[in-house]
Amino acid sequence: MSQPWARAAAAGADRERIAATPHSFGVDVWLRFAKKPTALAGLIAVLLLLACALIGPSLSPYSYDKQTLSLAGVPPVFTAVVAPEAGRYFYITPNQKIIEVDDQGRLLRQLPMAQDLFMEKRVSYRCGPQDEGLVYLDYSAAKPALLDEAGNPLAATRVLWNRTYLLGTDHLGRDILTRLMYGAQISLMVAFIAAAVNMVIGTLYGGIAGYLGGRVDAIMMRVVDIISTIPLTLYVILIKVCLAGGLVGIIVALSSVYWVDMARVVRGQVLSLKQQEFVLAARTIGSGTRRILLTHLIPNAMGSILVTATMLIPSAIFMEAFMSFIGIGIAPPMASLGTMCNDATEALRSSPYQLFLPALIICLIMFAFNFVGDGLRDSLDPQLKR
Amino acid sequence: MSETPLLQIENLTQHFPVRGRGHKVVHAVDGVSFAIGRGRTLGLVGESGCGKSTCARSIIRIYEPTSGHVRLDGQDITRLSQKQLLPLRRKMQMIFQDPYASLNGRMTVRALIGEPLRAHGAAESRRDEEDRILRMLEKVGLTREHAGRYPHEFSGGQRQRVGIARALILRPELVICDEPISALDVSIQAQIVNMLRDFQQELGLSYLFIAHDLSMVRYISDEVGVMYMGQLVEHSPAEDIYAHPLHPYTQGLLASIPVPDPSLARLQDEEGLSGDLPSPIDPPPGCRFHTRCPHATGCCREEAPALRNVGGGHAVACHLV
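Chains as they are written, first to last, in the working numbering: chain Y, 1 to 386; chain Z, 387 to 707.
Bear in mind the hints are in silico, worked out from the structure with no lab data behind them.
Even for Gly, the Cβ is constructed at its ideal location relative to N, Cα and C.
Computed list of lysine to aspartate or glutamate pairs in EDC-like fashion (alpha-carbon distance at most 20 Å, straight line):
| no. | chain 1 | residue 1 | chain 2 | residue 2 |
| --- | --- | --- | --- | --- |
| 1 | Z | 525 | Z | 515 |
| 2 | Y | 97 | Y | 346 |
| 3 | Y | 66 | Y | 343 |
| 4 | Y | 274 | Z | 484 |
| 5 | Z | 469 | Z | 450 |
| 6 | Y | 274 | Z | 450 |
Not close to chain Y: a few residues of chain Z, all C-beta gaps over 10 Å, as computed:
| no. | residue |
| --- | --- |
| 7 | 455 |
| 8 | 512 |
| 9 | 659 |
| 10 | 681 |
| 11 | 696 |
If you only want the chain Z side, here are some residues facing chain Y, beta carbon under 7 Å, derived:
| no. | residue |
| --- | --- |
| 12 | 446 |
| 13 | 484 |
| 14 | 488 |
| 15 | 501 |
| 16 | 505 |
Work out the full structure, taking the sequences as your base and the hints as a guide.
Written out as C-alpha cells, the structure is:
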C-alpha cells in the first residue's frame with residue numbers, strides 16, 4: 001500500500017539546490033533589457049547614430065565645409081521640368097537659378113545666363129551640349145515658369161531624387177548629409193563626455209554628502225543650491241563667453257553645471273540606503289567609508305544614477321544645439337545640429353527640409369536615449385525579476 | 387567568575403536628540419549593565435521598542451554611546467575611534483534581524499561572505515580567500531554552487547545562513563545576534579538556533595542573543611536579561627527566570643507565551659500585559675513600568691528601583707520583591 005503522506009525523497013544536497021541556471025549580473029541585466037522592444041529599438045538607434053557619426057564622414061565624398069555655390073539650395077527630392085533635349089531636366093532653385101539634371105537625378109551644372117530681359121520679366125539661359133540652345137525663365141507670375149526658345153511653356157515635369165547630394169544642399173551648397181553626420185558626431189561627443197563627467201562628479205559629490213551627513217552634508221548641499229539657483233542657461237552662456245569658443249568650451253560649461261541634479265539624486269538615494277541593514281552590517285564588519293560607498297551604496301543607487309544620466313544626455317544635446325543655434329556654440333564652418341537649424345531659418349519658407357533634417361536628428365537622438373534610459377532602469381533592478 | 391568576562395557593559399546609555407523639540411531626547415537605553423563570559427550566551431528580551439537592538443548597536447558602535455563603558459576582553463572600546471576599533475571588530479561580529487535587508491542585493495554570496503576577509507586583509511591570497519569562503523558555506527549548510535548566486539535567489543532561511551557565514555568567517559569571539567530568527571518561519575527557526583549552538587560548541591563563541599520572545603531564548607541562553615524602556619529590569623540564570631519570574635513585567639511576558647495545551651495553562655491565570663508603552667521621550671518618573679504594573683504602589687511612582695541581587699545570581703529592579 002502506498003503511503004500518501006510519505007516524505008518526498010530528496011537527498012540532502014538536492015534540497016538546497018536552486019533550479020535556475022546562474023547568470024552573472026551583467027548577463028541578467030542584458031536579458032531583461034533585450035526583452036523590452038522600446039529599449040532595444042533605442043539602443044539600436046543609438047548604435048546606428050554612433051556608426052553614422054563615426055564612420056560616415058570618412059565615406060562621404062564631401063567635407064562639412066566644401067561649398068558649391070552654384071548648386072546651393074537643392075532639396076533631396078524635387079520636381080524638375082522636362083527639357084527639350086532628351087534625358088535632360090531643369091530644376092529651378094528657390095533663388096531662381098536653373099540647374100541641369102540628368103535622368104538619374106544627378107546635378108550637372110547651373111545654366112549660364114545669356115540675357116536679362118527685365119522689360120518682359122524673363123531671363124534667358126544657355127543650354128544644350130554646346131550651349132547652343134536657349135530657355136527663358138518667366139517670372140511674371142508668382143510661380144516662375146520655363147519657356148522654350150519659341151516662347152512656349154515647358155509644362156511637363158518629373159519628380160526626381162537628388163543623386164548627387166542625397167539629402168540635398170544648404171544655402172551655401174554644402175552637402176547636408178555630411179554636415180548631419182558631423183553634427184551628430186559633435187552632439188554625441190558632447191553628450192557622452194558631459195554625461196560621464198557629470199556622473200563621476202555628481203555621484204561622488206552626492207555620495208560623500210549623503211554618507212557623511214551632518215555638517216558636511218549641509219555645507220556641500222548649500223553649494224549645490226547656490227549653483228542651481230543661477231539659471232542654467234545664463235550660467236552656461238557666461239562660462240562660454242569667458243572660455244574660448246568651440247567644443248571644449250561647451251563641454252566644460254555643461255560639465256560644470258549639470259552635475260548638481262546628479263548630486264541631489266545620489267545624495268537622496270544614499271541617505272535612504274545608508275540606514276539599511278546591509279550598510280550597518282558592512283560597518284560592523286569593519287569596511288571603510290570608501291568600500292561602503294563604492295561597493296554598497298553606489299551600486300545600489302546605480303539605477304537612479306543611470307536614469308538621471310540618460311535623462312541628462314538629451315538635455316545636454318539640446319543645450320549644445322541651443323547654444324549653437326543662438327550663435328555661441330560651435331563656430332562655423334564646423335557643423336553642429338544647432339548651427340544647421342540656425343542656418344536653415346533664413347530660408348525656412350522656400351527650403352523647409354534644411355530645418356527639418358537636423359531637427360529630426362535631434363529628436364531621434366533624444367528619443368533613443370530616453371528609451372535606453374527607461375529600459376536600463378527597469379532591467380537594472382533585480383527585484384523585478386520574480 | 388574570576389577571569390575577566392569577554393564583554394562587560396557598565397551603565398551603557400544611549401540617548402537620541404529629538405528634532406524640533408528643544409533639548410529633548412529619546413531615552414533608548416538608560417544605564418544598562420551586564421557581562422558575558424567566554425563561551426556563554428546572554429539572552430536579551432523585551433517587547434518592541436524597549437532598546438534591545440539599540441543596546442546591541444551601541445555595543446558594536448554603530449551608534450556612539452552617550453555614556454557608559456563597553457569593555458571587550460577588558461579593553462574599553464567606548465571611546466576608541468573607528469580606526470582604532472578596526473582590529474577589535476574581528477573579535478566582535480553581528481547577525482542581523484532581517485535577512486532580506488542585511489544582505490546587499492548587488493553582491494554575490496561569495497562577495498558577501500568574503501567582505502570581512504577583504505576589509506581586514508585576513509586572507510593570504512585569492513585562493514585562500516576562496517577556500518575559506520567555500521568552507522564556510524558548507525559549514526552553514528549551503529553548497530559550493532551557491533557562491534555565485536545573488537541573495538534574492540535564496541529563501542529567508544538560506545539568506546540568514548549567509549548572514550551567519552559572514553559573521554563567523556573571521557572567527558570572532560563574540561557574536562551579537564539581533565533577533566536572528568524573528569523574521570524566519572517557525573520550522574526554520576529551530577534549524578538556525580541549532581546551528582548557532584553547534585557553532586558555539588565548536589568555536590567557543592559567546593553570544594548576545596536578542597529576541598522578543600522568551601521561548602526561543604530559553605533554549606539557547608545561559609542567562610537571560612529582560613529589558614523594559616531602555617532599562618534592565620531582571621537578570622538571572624536562564625532556568626531561574628522561567629521558574630521564578632520576579633519582576634511583574636517578566637511575569638507578564640511569560641504569561642503571553644502561547645501554550646500548546648490549554649489544559650496545562652499554568653500561568654494563564656496570571657495577568658498578561660495590557661496598555662501601551664509610554665513615550666521614551668518623557669519616561670514616567672519612578673519605576674518606568676508603574677503605568678502598566680498591576681501591583682504599583684505610591685513608592686513605585688516616585689522612586690526608581692535599582693537592580694539588586696536577590697541571591698543565586700538573580701537580580702531584579704522592583705520595589706515589591
